[in-house]
Amino acid sequence: MQFIKNLLVNYLKAGIDTKNYGEINRKIFIINLFGLVGMSIILAMAFTASYYHNYRLAVILFAASGIFYLGRLILKFTGNYHLSSGVILYSLFILMFYLVYAGGVNNTGPLWIFMIAPVTLFIGGFKKGLMDIAVFLLITMAMLFSPDEILLATSYSFDFKLRLLLSFLTVTFLSAIYEYSHQKSYQDIQEVSEKYEQLAKLDPLTQLSNLRDAINKLEYEQNRITRNKSQVGIILCDVDHFKAVNDNFGHEAGDLVLVKLAEFFSQHIRKQDTVARWGGEEFLVLLPGFNRHMAQVFAEDFRRQVEQMWFPEVEHITISVGLAEAMLEEAPNYLVHRADNALYKAKAMGRNCVVLADKEAVMV
3 MQFIKNLLVN YLKAGIDTKN YGEINRKIFI INLFGLVGMS IILAMAFTAS YYHNYRLAVI
63 LFAASGIFYL GRLILKFTGN YHLSSGVILY SLFILMFYLV YAGGVNNTGP LWIFMIAPVT
123 LFIGGFKKGL MDIAVFLLIT MAMLFSPDEI LLATSYSFDF KLRLLLSFLT VTFLSAIYEY
183 SHQKSYQDIQ EVSEKYEQLA KLDPLTQLSN LRDAINKLEY EQNRITRNKS QVGIILCDVD
243 HFKAVNDNFG HEAGDLVLVK LAEFFSQHIR KQDTVARWGG EEFLVLLPGF NRHMAQVFAE
303 DFRRQVEQMW FPEVEHITIS VGLAEAMLEE APNYLVHRAD NALYKAKAMG RNCVVLADKE
363 AVMV
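Position in the sequence shown counted from 1, then plus 2, gives you our numbering.
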């Protein structure tokens, strides 16, 4: 029993990859399940047709079951669930066309078309699924209502044709409502998830990158330096006498200063740069492609423009700046440590100035 269970699980997990999104793996699992169930039912129908000596139908059903298994093999060896599901779906369409054409056992073949709507919408999604169903319906109607039934090998009453199509449309409508609701719910969950993921990377006051996001980007840039021998400049700046701002004008005024500085920083960096609130009144600016001298020019321009800015709450402020250039195989925390030491020196020199960090680095 355990052997059969393991065999079934392995069959259904063909093509599933941990690197895929959960929704993709869910689709792959369901495609495998549908392929297995469909193949089993079609095989049973094929043996039944053989038993009743309907060998043409039996051959077609055996071929259809083989195509269903082919879809599973495509998933297993290529992981391409789009191709696999397409093979399964459109082979199902062809099989349904044949059952409508030939009638199947006692003219009950057309009744199998009701599985088309839910399967097509699941595999193709709401929009593409409806377009595929529309094509399937048009071809089926053309076959059923062809003059003198020349596109059929059997005959159906007009009432049967009409009820069949109305029932199919009803099932399609209900399936479409379900699929639309499912997709909308999934999209809403994705949007909420992305929103919270984004919020987790932002400082709530300034809407800049927070400490965690800044560290992640530092590590990324440091790895890129190792791979590509590129350059990265880092700036740490601190608002001078910020405690006095809070004490004399209130914390609300201090927050407004930080927000206005954040807006200024965001407007004066490139798309590839990162500005983050490092903590308190400290800001970090990450400058990919900048060496220490380019960063120094950039930082000095920052310092000068901030000095000339007007803050309604406190009139004028200044910033002290420490900067460093990342080195090969240097730990990100030591890069920040060097910039922080330079910032400390800038404060010791009287503030409102830029200090370049020493080149010495700790290797890791």
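Any given hint could be a false lead.
Within a straight-line C-alpha distance of at most 25 Å, the following computed DSS-like cross-link-like pairs (lysine-lysine) qualify [unchecked claim]:
#1 K262 to K349
#2 K15 to K29
#3 K197 to K273
#4 K29 to K78
#5 K186 to K163
#6 K245 to K347
#7 K262 to K197
#8 K186 to K29
#9 K219 to K273
#10 K273 to K203
#11 K245 to K262
#12 K245 to K349
#13 K130 to K186
#14 K231 to K197
#15 K219 to K197
#16 K29 to K163
#17 K29 to K7
#18 K273 to K186
Ranges of calculated distance between the beta carbons of each label pair, as one might list FRET restraints [to be verified]:
#19 D360 to K186: 53 to 59 Å
#20 Y182 to F49: 49 to 55 Å
#21 Q274 to Q200: 14 to 20 Å
#22 G291 to K186: 40 to 46 Å
#23 K273 to L35: 42 to 48 Å
#24 V261 to G291: 25 to 31 Å
#25 Q192 to M296: 35 to 41 Å
#26 K231 to I96: 54 to 60 Å
#27 I179 to A155: 19 to 25 Å
#28 K245 to Q185: 49 to 55 Å
Everything labelled a hint here was simulated from the structure, so no lab data went into it. Just so it is clear, the structure is predicted and the values come from calculations on it, not from any experiment. No residue lacks a Cβ here, since even glycine has one placed at the ideal position from N, Cα and C.
Right, here's what the structure says about each hint:
Of the pairs offered as hints, the one joining K262 and K349 holds, with about 22 Å between alpha carbons and a cut-off of 25 Å not exceeded. This hinted pair checks out: K15 and K29 have alpha carbons roughly 11 Å apart, not beyond 25 Å. A distance of roughly 21 Å separates the Cα atoms of K197 and K273; the hinted pair therefore holds under the 25 Å criterion. Simply put, K29 and K78 have alpha-carbon atoms about 14 Å apart, close enough for the 25 Å limit, and the pair holds.
For the suggested pair K186 and K163, the alpha carbons sit about 34 Å apart, so the restraint of at most 25 Å is broken. Of the pairs offered as hints, the one joining K245 and K347 holds, with about 19 Å between alpha carbons and a cut-off of 25 Å not exceeded. At roughly 24 Å between alpha-carbon atoms, K262 and K197 fall within 25 Å of each other, so this suggested pair holds. At most 25 Å may separate the alpha-carbon atoms for a hinted pair to count; K186 and K29 meet this at roughly 16 Å.
With a C-alpha separation of about 14 Å, the suggested pair K219 and K273 falls inside the 25 Å cut-off, and the hint holds. Of the pairs offered as hints, the one joining K273 and K203 holds, with about 17 Å between alpha carbons and a cut-off of 25 Å not exceeded. Pair hint K245 plus K262 holds up; C-alpha atoms about 17 Å apart against a cutoff of 25 Å. Only pairs whose Cα atoms come within 25 Å are accepted, and K245 paired with K349 is accepted, the gap being roughly 14 Å.
With a C-alpha separation of about 15 Å, the suggested pairing of K130 with K186 holds against the 25 Å cut-off. For the given pair, K231 sits about 35 Å from K197 by alpha-carbon distance, which is inconsistent with the 25 Å threshold. Distance restraint check for K219 and K197: the Cα-Cα separation of roughly 19 Å lies within the 25 Å cut-off, and the hinted pair is therefore satisfied. Of the supplied pair hints, the one linking K29 and K163 is violated, its CA atoms being roughly 33 Å apart against a limit of 25 Å.
Between the alpha carbons of K29 and K7 the distance comes to roughly 21 Å, so the proposed pair stays at or under 25 Å and holds. Of the pairs offered as hints, the one joining K273 and K186 is violated, with about 32 Å between alpha carbons and a cut-off of 25 Å exceeded. The beta-carbon spacing between D360 and K186, approximately 57 Å, falls within the hinted interval of 53 to 59 Å. A C-beta distance of roughly 38 Å is found between Y182 and F49, which places it outside the suggested range of 49 to 55 Å.
At roughly 19 Å, the beta-carbon separation of Q274 and Q200 lies within the given 14 to 20 Å, and the hint holds. A hinted range of 40 to 46 Å for the beta carbons of G291 and K186 is consistent with their spacing of about 42 Å. A hinted range of 42 to 48 Å holds for the C-beta pair K273 and L35, which are about 45 Å apart. Separated by about 28 Å at the C-beta atoms, V261 and G291 satisfy the suggested range of 25 to 31 Å.
The hinted range of 35 to 41 Å is satisfied by Q192 and M296, whose Cβ atoms lie roughly 40 Å apart. For the pair K231 and I96, the beta carbons lie near 57 Å from each other, so the given range of 54 to 60 Å is met. Under the hint 19 to 25 Å, the C-beta atoms of I179 and A155, about 35 Å apart, miss the expected range. At about 53 Å, the beta-carbon gap between K245 and Q185 stays in the expected band of 49 to 55 Å.
Going through the hint list in order, the structure does not satisfy hints 5, 14, 16, 18, 20, 27.
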